[in-house]
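Participant: Spelled out from the first residue to the last, the chains are:
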Amino acid sequence: MGKNDMATQHSRFAGRLMVAPSVILLFIWMIVPLVATIWFSFRNYNLLNPTLTGWAGFNNYYYFLTDPNFLTAIWHTLAVVVGVLLITVIGGILLALMLDRPMWGQGVVRILVIAPFFVMPTVSGLVWKNLLMNPVNGMFAHIARNLGLRPYDFLNQAPLLSIIVIVAWAWLPFATLIFLTSLQSLDGEQQEAAEMDGAGALSRFIYLTLPHLTRAITVVILIQTIFLLSVFAEIAVTTNGGPGTASTTLTYLVYVQALLNYDVGGGTAGGMIAVILANIVAFFAMRMIGKNLNA
Amino acid sequence: MARKVTASTKAGNTAVAWSIGLVISFPVLWTILMSFHSEGDAIRPPLAMLTSPWTFDSYGEVQTRSNYSLHFFNSVVISVGSTVLALIIAIPAAWAMAFVSGRRTKDLLMWMLSTKMMPAVGVLIPMYLGFKALGLLDTLTGLVMLMTLANLPLVVWMLYTYFKEIPGEILEASRMDGASLQSEIIHILTPMALPGIASTLLLNVILAWNEAFWTLQLTSSKAAPLTQFIASYSSPEGLFYAKLSAASTMAIAPILILGWFSQKQLVRGLTFGAVK
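Order-wise, the sequence lines are chains X and L.
Quick note on numbering: the first sequence equals residues 2 to 296 in my numbering.
Quick note on numbering: the second sequence equals residues 20 to 295 in my numbering.
In case anyone wonders, no lab produced these hints; they're calculated from the structure.
All clues given are correct.
Facing chain X, from chain L, some residues (calculated, C-beta under 10 Å):
id : residue
1  : Ala30
2  : Val35
3  : Ile39
4  : Phe118
5  : Val119
6  : Ser120
7  : Trp130
8  : Lys135
9  : Ala139
10 : Asn229
11 : Phe232
12 : Ile271
13 : Val294
A short list of chain L residues far from chain X (calculated; beta carbon distances all over 10 Å):
id : residue
14 : Ser199
15 : Met211
16 : Pro214
Just so it is clear, CB atoms sit at the ideal spot from N, CA and C, and this is done for glycine as well.
Turn these sequences into a full structure, and let the hints guide you.
Facilitator: So this is what it looks like as structure tokens:
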């Protein structure tokens, strides 16, 4: 017994030593910039006006929160998150149900469906903007003209919706793959029994499939929300947040404030608001993941 | 499911699925097709473009006009370099947490994950100012370091879920047989852990290759990876559709191929084991 205890203690110590580098690095990586962000957010710090220094109290927060662009940016952020979630969850379930049925060439269809996930955001943004949505040379414009319609300038007339479509296209495969994984663990016999009892396809979906998918749906919503709050590249290469501020999200607004307007104090205050919003979502995500973790 | 399926049902499913699959992947397929035509043909109506002569010119032009291979090289260095560094740091940690887990292991894992949930924009400004002060803006060193840390939580997590599946009994048995820790690692654990490490490597290279927040903010030219290079096409001069398509095709092709191998890991890695 005594020898065993010593071995355990020894390995415990070794274990701590092995974990230490990761913990220390992550601590520095998160805590140092975060503390700096909090610090700057209470300081007067504008690179264009170096004479203005010192403590700003809550001024940066006050200016950021009362900036009319802030509220619209929050709405745009919510619209992107909710819009993309709606499209990807509903579309993803339909696609997963489709892929789960017997067919020829299933492997190829699967690759076709998941391909968008592997396209880097700047490529998907520019391909949609130019090759598809451009009002003169884009595919949609060509189609519209063939149908005798006037081409629609998507990114100018419906910038936010266009961005939602582009981002949803990129995330649809992720949702589909997760739903498909979940569907494949569905009890086939139960389905068959229900079918024998005369349950129609729709009621089988509502009473058997959908409850089974609940967990996967929650996971998709939580994880996508975390990524969607930080959508940046698709906006940067298509609309630049415009026209005006019509497609400026919170992430984009912070970038504009800090790196284009050189207002470090205001930008960091905006960054802190983004952190708080993300943390609310992360709180639920962590509980969900934690429940499934048997460490 | 052992249900009988008639050939006509299967044919119907196949037709629907293929059509939808082609619609979803259309932007990718169209980009690839367009990259093989001349600039003049690229802006013609779709059918006229498809029937115009095929050419590799755009690929050549992208390289001669903008040193494409430099940006490709940068993408490789950043994605592979940061993933390998993260693996070196994470393997011991994930291992210790999987095999000598203590009371705090779960808290530690959850804390690591929480760092991944921090929005990058929240720490953008200190990072930018710090990079500027240290002369790391637009350097591969800076970006590899940053991406290593950005990847680390996911890498630890993925490795942990894979290591956790290695049965502990095997280790005990080998210990009974008098195997030393070193031989235990070399002969027993490494072969069992390799598939998990490979999967983690694959998924993280893909994610790092496509990362487009930090790469856009912290690079401009000499350390710019493909994400940033492609972004330069957002302010075009003259005709550029075919060149944009060629540059895009080369940027996504390696990842589409790697991605094909990583479908399973994608679900596992990105849901942190919450959906299996």
